[in-house]
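Student: Chains as they are written, first to last, in this note's numbering: chain X, 1 to 42; chain R, 1 to 131.
Be careful, since some hints might not be right.
[Unchecked claim] No farther apart than 20 Å at their CA atoms in a straight line, the calculated lysine to aspartate or glutamate pairs in the EDC-like style are these: (1) R:Lys-118 / R:Asp-85; (2) R:Lys-118 / R:Glu-31; (3) R:Lys-118 / X:Asp-31; (4) R:Lys-129 / X:Asp-31; (5) R:Lys-118 / R:Glu-9; (6) R:Lys-118 / R:Asp-130; (7) R:Lys-129 / R:Glu-31; (8) R:Lys-129 / X:Asp-10; (9) R:Lys-118 / R:Glu-7.
[To be verified] Label-pair restraints from in silico Cβ distances: (10) X:Pro-7 / R:Ser-75: 27 to 33 Å; (11) R:Pro-114 / X:Asp-17: 26 to 32 Å; (12) X:Gly-30 / R:Leu-66: 41 to 47 Å; (13) R:Cys-2 / X:Asp-6: 24 to 30 Å; (14) X:Gly-30 / R:Ser-56: 34 to 40 Å; (15) X:Gly-30 / R:Leu-63: 41 to 47 Å; (16) X:Asp-6 / R:Asn-124: 17 to 23 Å.
No lab work stands behind these hints: they were computed from the structure.
Beta carbons: idealized from backbone N, C-alpha and C, even for Gly.
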Amino acid sequence: MLSNGDPAPDFSLLTVDGQPASLRDALRQGDHVLLVFLRHLG
Amino acid sequence: MCQHQDELERLNTRVFIVTFGTLPAAQRWLEESCAPFQVILDPQRTAYDAYGLERSLRRSWNLRTLWRYVQLLISGRRWRGIQGDSAQLGGDFVVDREGFLRLAYRSHDPTDRPAVEKILRLLNTLEEKDE
Chain X
1 MLSNGDPAPD FSLLTVDGQP ASLRDALRQG DHVLLVFLRH LG
Chain R
1 MCQHQDELER LNTRVFIVTF GTLPAAQRWL EESCAPFQVI LDPQRTAYDA
51 YGLERSLRRS WNLRTLWRYV QLLISGRRWR GIQGDSAQLG GDFVVDREGF
101 LRLAYRSHDP TDRPAVEKIL RLLNTLEEKD E
């Protein structure tokens, strides 16, 4: 199970606009990343 | 989270909202709730799996969740049904700019989320460390 300090798994998916999105690309721009995984409540 | 967009920008933080819902449902959610953020579609739940997010019908539909839906309906929210796997649980993760997890929060049930203030404090600390 992943925990604090572990490398974050990369992913390569599409946005609602059909644009590719990956964690690696976001990090390459020098930003921190907040990932919010929705549940059925939103 | 959506109300804190300016602060998240100041903290050099990119926000990805990941959903297992359908494209129309995600577009609707985006229009109604959180337009500035990028929404990523994960219908196969590969990212959900990679981050260890569980499925549990019992926890997804406990009394707290049902009560929250009642509150939303009373407040005027329209019921649009559930898109996708309603047993899928969510979570919130902060990744620092070196690619390491600094917060790994897996929800016990759909109402369970980390406080936004806690996330902002953590991001502040990361920014101060890098200065």
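Student: If you test the structure against every hint from before, which numbers come out violated?
Tutor: 1, 2, 7, 8 and 10
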